[in-house]
Amino acid sequence: MTHYIQDPALWALIAGTPLAATVIVRERRARTKTRREKAVVESRYAELEGSYAASVHEARIRAEDATKSALKSAMRTLQGLANEQQLAISKAQGKYGEHYVLQDLLEIDHMNSQFGRRAQAIAVLCDGWLGRQRADASVYDVVRSAKGRIRHYTRVEIRSQSNFAMTGRAVEPVALALAELLDNATSYSAPDSPIDITTRTVPKGVCIIIDDAGVGMNEEEKKRADHLLSPQGPTDITALGNPPQFGFAVIGVLAARYGFSVSVDSSSPYGGVRAVVLIPEELLTSMPEPEEAPMPSRTSGAAAPEVSTSTPGGLPKRSRKGSISIVPQADSTRAPARTEAETASIMAAFQLGTQSGRSANTEGHDPQ
Amino acid sequence: MSTPGDPEALSVELVRPYVITNGRGLPDDDQFNLITLVTTSDQPRPSHLDPEKHSVLDLCSGGLLSVAEIAGHMKLPIGIVKVLLSDLSADGFLVVRAPVPPAQLVDVSLLQEVLNGLQARFG
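As you go down the protein sequences, you meet chains C and P in turn. Taking full-length UniProt numbering, the leading residue of the first sequence gets 1, the next gets one more, and so forth. Taking full-length UniProt numbering, the leading residue of the second sequence gets 1, the next gets one more, and so forth.
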């Protein structure tokens with residue numbers, strides 16, 4: 001046992017143990033402190049990151065709002081000008097209705113409609129003014145109006161008419177949404193393939209179905225369209241790509257704002273896309289009465305225009321109210337304007353004129 | 001003209017004229033002029049006609065009506081009305097009566113003057 005006491009290693013061990021214990025305790029304390037500090041730093045970091053993200057988000061929203069309000073006022077001016085121009089064109093069309101200029105005016109009218117639609121679409125994305133106040137209009141007229149706002153409108157065929165009309169406030173948004181759908185349909189199908197529109201009455205309202213014979217959409221495009229068409233879809237105008245694709249975003253905003261629904265997830269029997277617009281009952285009304293019923297123009301006062309009987313040949317007979325003569329009666333009371341001598345001299349001059357004319361003709365070139 | 005700042009006051013027709021004719025060119029034959037008279041035929045009217053064509057047929061059902069009158073009632077450019085009329089008459093819903101040739105429209109007093117002149121000279 002004594003040789004152990006003399007062993008320096010034992011003494012070293014005895015001296016080293018508390019030392020080591022102290023070191024270990026100190027180490028552990030330091031580690032705990034570091035851990036605590038790390039946690040504090042981490043929480044500060046998270047806090048900073050959070051506030052950074054928030055301020056970026058806020059800045060983005062502010063930038064978006066600024067962009068939107070700038071675009072909105074710019075578009076409002078353009079929309080106003082397009083409307084004004086359309087009025088001017090309408091006036092010119094009435095004025096030159098019989099003139100060959102009319103054909104050109106119709107083309108200008110068409111271009112102006114497209115221009116107006118583009119401005120309207122951007123305005124809608126910026127929560128702006130949609131435009132014209134409209135009276136109630138038949139579904140057929142709304143569809144035709146939409147048709148007139150796209151470039152290749154002659155390819156659009158409207159297959160059916162419905163007996164429903166839309167309330168005035170729904171006319172313009174539905175027409176614009178349909179126009180965007182038709183624009184897509186004509187853009188993504190062969191240049192000569194027709195686009196069919198059918199209208200169907202369903203328990204919930206009226207469905208307007210647009211079928212194209214295009215290439216359809218792939219899954220990614222469908223996903224994007226569904227996202228934009230859903231009521232929660234974002235209307236971030238800075239995230240529409242380059243070049244921006246307005247179509248579905250505009251339709252989504254309009255559908256959410258006015259309460260109709262649009263889906264493009266089925267495929268048409270021609271292989272392309274089938275877009276279905278469901279107009280709910282709230283936006284529908286019965287057919288409007290024409291403003292003034294077109295009456296056959298009879299100026300014969302109180303006399304009701306009786307339906308004339310037909311001739312044996314099938315032509316309608318028109319009962320004449322006045323004189324049938326187309327040669328105005330000579331006014332017997334009117335004094336002759338010229339004396340006989342004057343008349344004679346005029347006639348002589350006339351005869352002389354025709355004579356000289358004939359001789360000039362034979363001198364000038366040989367009549368054959 | 002109102003200013004662009006007040007565009008709500010403006011209103012234009014919902015359906016533009018070029019949509020009514022579906023972009024077709026205006027008829028260049030001289031089948032219709034302002035005083036051509038048209039009326040409905042006995043042929044029954046189909047239900048799928050455009051509203052504008054229905055209105056034209058309604059207008060004409062009372063008797064003969066001139067192209068200018070129809071355009072006035074429809075508030076459409078005359079060229080557009082002519083397209084509608086040529087469609088309707090091609091399908092047999094309208095009967096067209098050519099206007100009286102202008103050569104028949106002779107003033108009696110003019111004839112009288114010619115006669116007077118001839119008599120003064122030769123008579």
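To be clear, the hints were calculated from the coordinates, so they are not data collected in a lab. Predicted model only: the values in this text are computed from it and were never measured. It is possible that some hints are incorrect.
Some chain P residues judged to face chain C by a derived CB distance under 10 Å, without partners named [unchecked claim]:
(1) Thr-21
(2) Leu-26
(3) Pro-44
(4) His-48
(5) Ser-89
(6) Ala-90
(7) Asp-91
(8) Ala-98
(9) Val-114
Partial list, computed: chain C residues near chain P (C-beta under 8 Å) [as the list claims (entries may be wrong)]:
(10) Asp-109
(11) Thr-198
(12) Asp-236
(13) Met-347
C-beta: ideal position from N, C-alpha, C; glycine also.
To see whether the hints hold, each was checked on the structure:
With a cut of 10 Å, the hint placing Thr-21(P) at the interface with chain C holds, because the nearest CB-to-CB distance is about 8 Å. For Leu-26(P), the suggested interface contact is upheld, since its CB lies about 6 Å from the closest CB of chain C, less than 10 Å. With its C-beta approaching chain C no nearer than about 13 Å, Pro-44(P) sits outside the 10 Å limit, and its interface hint is violated. For His-48(P), the shortest C-beta to C-beta distance to chain C is roughly 7 Å, which falls under 10 Å, so the interface hint holds.
Residue-level restraint check for Ser-89(P) is violated (minimum Cβ-Cβ distance to chain C is 14 Å; threshold 10 Å). Evaluation of the Ala-90(P) hint against chain C yields a violated restraint, the C-beta minimum of about 17 Å exceeding 10 Å. Contact between Asp-91(P) and chain C, as hinted, is not supported at the beta carbon level, the nearest pair being about 16 Å apart and thus beyond 10 Å. At a threshold of 10 Å, the smallest CB-CB gap from Ala-98(P) to chain C is about 13 Å, leaving the interface hint violated.
Because the closest C-beta pair between Val-114(P) and chain C is about 8 Å apart, less than 10 Å, the hint holds. Contact between Asp-109(C) and chain P, as hinted, is supported at the beta carbon level, the nearest pair being about 6 Å apart and thus within 8 Å. Because the closest C-beta pair between Thr-198(C) and chain P is about 13 Å apart, greater than 8 Å, the hint is violated. With its C-beta approaching chain P no nearer than about 27 Å, Asp-236(C) sits outside the 8 Å limit, and its interface hint is violated.
Evaluation of the Met-347(C) hint against chain P yields a held restraint, the C-beta minimum of about 4 Å falling below 8 Å.
Hint check: violations occur at hints 3, 5, 6, 7, 8, 11, 12; the rest are consistent with the structure.
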